[in-house]
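A.B. asks: Spelled out, the chains give:
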Amino acid sequence: MAPISIRNLTKRYGSVRAVNNLNLEVAPGEILGFLGLNGAGKTTTIRILLDLLRPNSGSAFLLGHDCQADGLQARSNIGYLPGEMGIYSDLTGHEVLDLLAKLSNKGVDKVRRGELQERLEFPESDLRRRLREYSTGMKRKLGLIQAFQSDPLLLILDEPTEGLDPLMQESFYKLLVDVKQRGRTVFMSSHVLSEVDRVCDRIALIRKGELVLLSTIEETRKLAARPVRVLFAEDVPGAPGLPAGTEVIETFPRSWNLTVEGPLGPLLRAIATLPVRDIEIAEAKLEDVILKYYRDGAPERKP
Amino acid sequence: MRRAALLFAYSLKRVRTLVITTGLLLAALQLVLIFVGGAIQTSGGFDQLSAIIPPFARELLGPSVTVVMSFGGIVCMGYFEVAVMGALIALAVTLGTVPASEVETGFMDLILARPLARHWIITRTVALTTLVTTAMVALMVAGTWTGLRLFAPAGIAWPEARLINSLAVNLGMLTLCWGGVAMAIGAGSRRRSVAGGTAGLLALTTFLLDYVARLWQPAEKIAWLSPFRYYNPFDLITGTALPYKNLVVLGGIAAAGFAAAYVLFARRDISH
Chain A
1 MAPISIRNLT KRYGSVRAVN NLNLEVAPGE ILGFLGLNGA GKTTTIRILL
51 DLLRPNSGSA FLLGHDCQAD GLQARSNIGY LPGEMGIYSD LTGHEVLDLL
101 AKLSNKGVDK VRRGELQERL EFPESDLRRR LREYSTGMKR KLGLIQAFQS
151 DPLLLILDEP TEGLDPLMQE SFYKLLVDVK QRGRTVFMSS HVLSEVDRVC
201 DRIALIRKGE LVLLSTIEET RKLAARPVRV LFAEDVPGAP GLPAGTEVIE
251 TFPRSWNLTV EGPLGPLLRA IATLPVRDIE IAEAKLEDVI LKYYRDGAPE
301 RKP
Chain B
304 MRRAALLFAY SLKRVRTLVI TTGLLLAALQ LVLIFVGGAI QTSGGFDQLS
354 AIIPPFAREL LGPSVTVVMS FGGIVCMGYF EVAVMGALIA LAVTLGTVPA
404 SEVETGFMDL ILARPLARHW IITRTVALTT LVTTAMVALM VAGTWTGLRL
454 FAPAGIAWPE ARLINSLAVN LGMLTLCWGG VAMAIGAGSR RRSVAGGTAG
504 LLALTTFLLD YVARLWQPAE KIAWLSPFRY YNPFDLITGT ALPYKNLVVL
554 GGIAAAGFAA AYVLFARRDI SH
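Heads up: the sequence lines are chains A and B, in that order. Counted from 1, the first sequence has number 164 at position 164 by this note's numbering; the numbering is strictly sequential. One rule links them: number in this note's numbering = place in the second sequence (from 1) + 303.
No wet-lab data here; the hints were simulated from the structure.
Sample of chain B residues at the chain A side, in silico, Cβ under 8 Å:
hint, residue
1, F410
2, L413
3, I414
4, D572
Yeah, the Cβ is synthetic: ideal placement off N, Cα and C, and Gly gets one too.
Model the full structure from these sequences, guided by the hints.
C.D. replies: See below:
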């Protein structure tokens, strides 16, 4: 059973399609990064999963339960971190965590909460303070604790590291690894591509409400053009007749700077007769692919 | 149900300062009115006040003016004083628009991301508004009887308990009616200020409509649209029994508001 299953989901606001015929499955135990520019439909999708928004057509399932028809069951074992923590500032951190824990099915687990506090460096003294005294980062940490404290099977996190300092981001990544090892599933939206590269197993990229890329991190990285520098032992004129997928960035008498999409074999065959002294191949960057999808409208690529 | 009760307790805790302060002020106002009424009565001031009212005003205001210009009338004034009615209605609007506030702040996202059905949000708000309205009116009544015991001049007749209770019940229903209207508006709103402002403006408009209709005959044709038409404290003071039709109409508006709130909130998109 897929922890998240989205089928032909469409949500319109007037004539604008915020989400258009979206199909997506999140596998058990995986961390899926949900990417897209602002307004692409990420938050709308998340809000439909939580039954905060009602779709025009299609359906979505959480842990096998229909988000609309069987919403209470669907939401019975999830942790949710919204993009913005809407909490009344007159409450203390303790009051917020207690209330939200009691509203979930599992009640307050002081031991689990203590672990999270320790990992996110959030002492009891801070929890006793009212939220009006909290910084942005503290509110974010409180949000993470409330999402993780009931140890849910599925975590839905909307831009989780927004407002966290680098040390806390590191702690959060370790926390993700920990929950993944215990078989939990994480569905997180993010704009931080290095974070996605580091923690996610797969990415789903949404553009103008449509899913345009769904792939593992490794496969996605292969879509990037790798920078290749060919160094020659003697002067070589120009760079004629290079195979498809190879783009010449600049040429010098004794070196070429190229980018290569796909396998390197054809390029190596093409330069086999030249006096090659060395070849430098840089690792493809995930963000190059993602940014290309963001900027250029690269073609859809789904399994 | 347990989660809804928890949410109710939490909401009550959040508004406790506002509610307690308002309730104590309203109760204190009853004490002050009775103290002042007692002082005027003792000095014979009511006769002097009645004498200075010109005949045309006496004719316009009817027999109620002589009733109000008495110790009993002053005691009852706390139940139809514009500031008191305004405070109660403002409180009901504030409570009725709690869901809109929770949507606006994003707190609703966190609540509804839990296994809590949407109808509990409205049920909580209905319970909160009803409980607080009842408590406010009860505090006013308690203030009245406490004031009478403390400050009523010896030998003066106290207003009947039936009259005080009728005024309190009718005022309570009027308050609840506006709570229902505010809840219906708030259940479909993203912004509490918009919901509260709309409900407040509606209350002011209908108050003026009722007021104008009492002085200007043509407006009488549509005055039935105003909830304030179903609260006639002067009639009660002059001895008319509490018309149950008034309670039914006000209760009906409140119930319709609550029902609309359930439907609107169940169907709406929660976005802020």
